[in-house]
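Q: Sequence:
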Amino acid sequence: MAYQPIENYGLIGNMRSAALVGTNGSIDWLCFPHFDSPSVFAAILDERRGGYFRIAPENDGLSSKQYYWPDTNVLVTRFLSPHGVVQIIDFMPVGLEETAPGYHGLIRRVQAIRGSMTMKVECLPAFNYARDPHNTTITRDGACFDAPQLSLRLGSRIPLRRCENGVIATFELHEAQEADFILQEVERGSTDRISISQTQAGELFKQTVSFWRRWLATCTYTGRWREMVYRSALTLKLLTFEPTGAIVAAPTCSLPESIGGSRNWDYRYTWIRDAAFTLYALLRIGFTDEAKKFMHWLEGCCHRLNPDGSLPVMYDIHGHPVEQEEVLSHLEGYKGSRPVRIGNDAAHQLQLDIYGELLDSVYLYNKYVTPISFDLWSHLRQLIDWVCRHWQQPDEGIWEVRGGRQHFVYSKLMCWVALDRGLRLADKRSFPTDRTHWLTVRDTMYEDIMTKGWSPSRRAFIQRYGSETLDAANLMMPLVFFVSPTDPRMLSTLDAINRSPAQGGLVANGLVYRYNVSETGDGIDGEEGTFNICTFWLVEALTRAGRIDRARLDEARLLFEQMLGYANHVGLYAEETGPTGEALGNFPQAFTHLALISAAFNLDRALGK
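Our numbering puts the sequence shown at residues 1 to 609.
Hints were generated in silico from the structure; no laboratory data involved. Since we're looking at a predicted model, the values are computed, not measured. In this text, a Cβ means the ideal position worked out from N, Cα and C, and glycines have one as well. Errors might be hidden in some of the hints.
[Said to hold, decoys possible] Straight-line distance between alpha carbons at most 27 angstroms, and here's what the computed DSS-like set of lysine-lysine pairs gives: (1) K293 x K65; (2) K120 x K65; (3) K65 x K206; (4) K237 x K293; (5) K292 x K65; (6) K120 x K237; (7) K206 x K120; (8) K367 x K452; (9) K335 x K120; (10) K428 x K335; (11) K120 x K292; (12) K293 x K335; (13) K293 x K367; (14) K292 x K237; (15) K120 x K293.
[Said to hold, decoys possible] Derived Cβ-Cβ restraints for the label pairs, each shown as a range: (16) S116 x P579: 41 to 47 angstroms; (17) G504 x M450: 19 to 25 angstroms; (18) E527 x K65: 55 to 61 angstroms; (19) G223 x T486: 22 to 28 angstroms.
All chains, full assembly: derive it from the sequences and hints.
A: Next comes the structure, spelled out in structure tokens:
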């Protein structure tokens, strides 16, 4: 089975795990039972060995379309031919009790809408990233797959037969007929029946639709781009690990930033940075429950610091340290993009910017949700004191470079944000702290950035001290209120970035590169696409500058609406966009969707009624 384009997938999930479903009816990615568990299906990383679960018509040459059931994370893949129309409704039930039928399962409902069609089902699991063998047992109501660490049962009323790596079946559906398939974890060797009736499957579908609509009904956004904001919010909710409140950066690992390249990383973890940005985006549109859960998770993380008192860059979804990076050399990677990596060594980097992003989100939470506790403040105060002692160190920065530590301007900027928001919190809540010292350090940071982070020759804020390289991360300066959006230095930086790469800028046809790879020396070979979050940052920076200059506001709207066209057919974005508009990198990406929400909110407000 040939590789599908990354943008050909929709996402389903239950806030514990998630699956990618292609427009060809194949589930090519599923980690079970959690986001960061080993994969069961990973054909997207190796079409021959990875494993997949495909349901599709036997006939060739059919057309297909895919869409979400309105205002939900229930996915519909429809196959059309002159002889019949069949659709597959894919979802993972949510909002259930642990003892309920279908709990923590994956349901595929195959329905004949018109005429008749012969369908083929293939369920070929490949446990533990295709490293563990498994036994397949046919049962009277499906099949069971037993691997050393996990056992799954495929419930089906369609008779299945064994094949080399799993089960297959061919069946015919006539108009108004249905066939249901449910994949669930069971105890190893269990013979308990878990198949559910057609009526139960229908009820689970209705409950799941109702759950997502009730959740989305609490959204307060009523602006111009409601449909895209809703889809982004639903996607961010899918990337939330409900038991702890953690938010993963993406549900996938090792999808390449360039086809055939080595920039392939595991994003199934909770970055402090990404989660803090996500919290900001959700707060903007009224989702306070998620903010409360995340803040509870964050408070727990503050008890698990590094030995030197610093905050880890990322955690797993349970709040524990991230596993060491490992290369899966037996997998060929998406379209031959090696190496395939699991774990992430960036967890051991020094990234000073995370303190600013963290404190900014806590400040907003305290302002818009509920006052933080003194105990949390005590932990935050220790972190801010740590920043006061270490902000002058070089680090690996927001982009997690592997070419050595540098004095990145964005890292210094966010250290300033940490002090600034800490001071605001202390003043607003009358919390005890050494205000005089913090003020002195904050002002020193400001002068340092303005002196060493500004290039008189380029007339722009630069990527790192002593360089002439631009960095799209500096578009955040007016967004975090470091400088006015109409400050001459910021406007000049905006203009410098908003030029084509051939002219020394970072913008190609309205899409923004994070930096010039050839100038940065980030320690990684190969090229990469434009970074979608950076494009939305440019929109926001132009929006804020446009409050004085209407031409910039008009440009912001054009760029934003053009960027909406780079979403895939169901409104999802990967981390990057390639030179021909293809999706690149892990998918879907929380960073991109949270930036879309923020840009839509602020642009809509700036445009007014």
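Q: Next, verify each hint and record whether it holds.
A: Hints, one by one, checked against the model:
{"no.": "1", "hint": "K293 x K65", "in the structure": "violated, 36 angstroms"}
{"no.": "2", "hint": "K120 x K65", "in the structure": "holds, 18 angstroms"}
{"no.": "3", "hint": "K65 x K206", "in the structure": "holds, 22 angstroms"}
{"no.": "4", "hint": "K237 x K293", "in the structure": "holds, 12 angstroms"}
{"no.": "5", "hint": "K292 x K65", "in the structure": "violated, 38 angstroms"}
{"no.": "6", "hint": "K120 x K237", "in the structure": "violated, 32 angstroms"}
{"no.": "7", "hint": "K206 x K120", "in the structure": "holds, 26 angstroms"}
{"no.": "8", "hint": "K367 x K452", "in the structure": "violated, 33 angstroms"}
{"no.": "9", "hint": "K335 x K120", "in the structure": "holds, 25 angstroms"}
{"no.": "10", "hint": "K428 x K335", "in the structure": "violated, 53 angstroms"}
{"no.": "11", "hint": "K120 x K292", "in the structure": "violated, 45 angstroms"}
{"no.": "12", "hint": "K293 x K335", "in the structure": "violated, 38 angstroms"}
{"no.": "13", "hint": "K293 x K367", "in the structure": "holds, 16 angstroms"}
{"no.": "14", "hint": "K292 x K237", "in the structure": "holds, 14 angstroms"}
{"no.": "15", "hint": "K120 x K293", "in the structure": "violated, 42 angstroms"}
{"no.": "16", "hint": "S116 x P579: 41 to 47 angstroms", "in the structure": "holds, 43 angstroms"}
{"no.": "17", "hint": "G504 x M450: 19 to 25 angstroms", "in the structure": "holds, 22 angstroms"}
{"no.": "18", "hint": "E527 x K65: 55 to 61 angstroms", "in the structure": "violated, 33 angstroms"}
{"no.": "19", "hint": "G223 x T486: 22 to 28 angstroms", "in the structure": "holds, 24 angstroms"}
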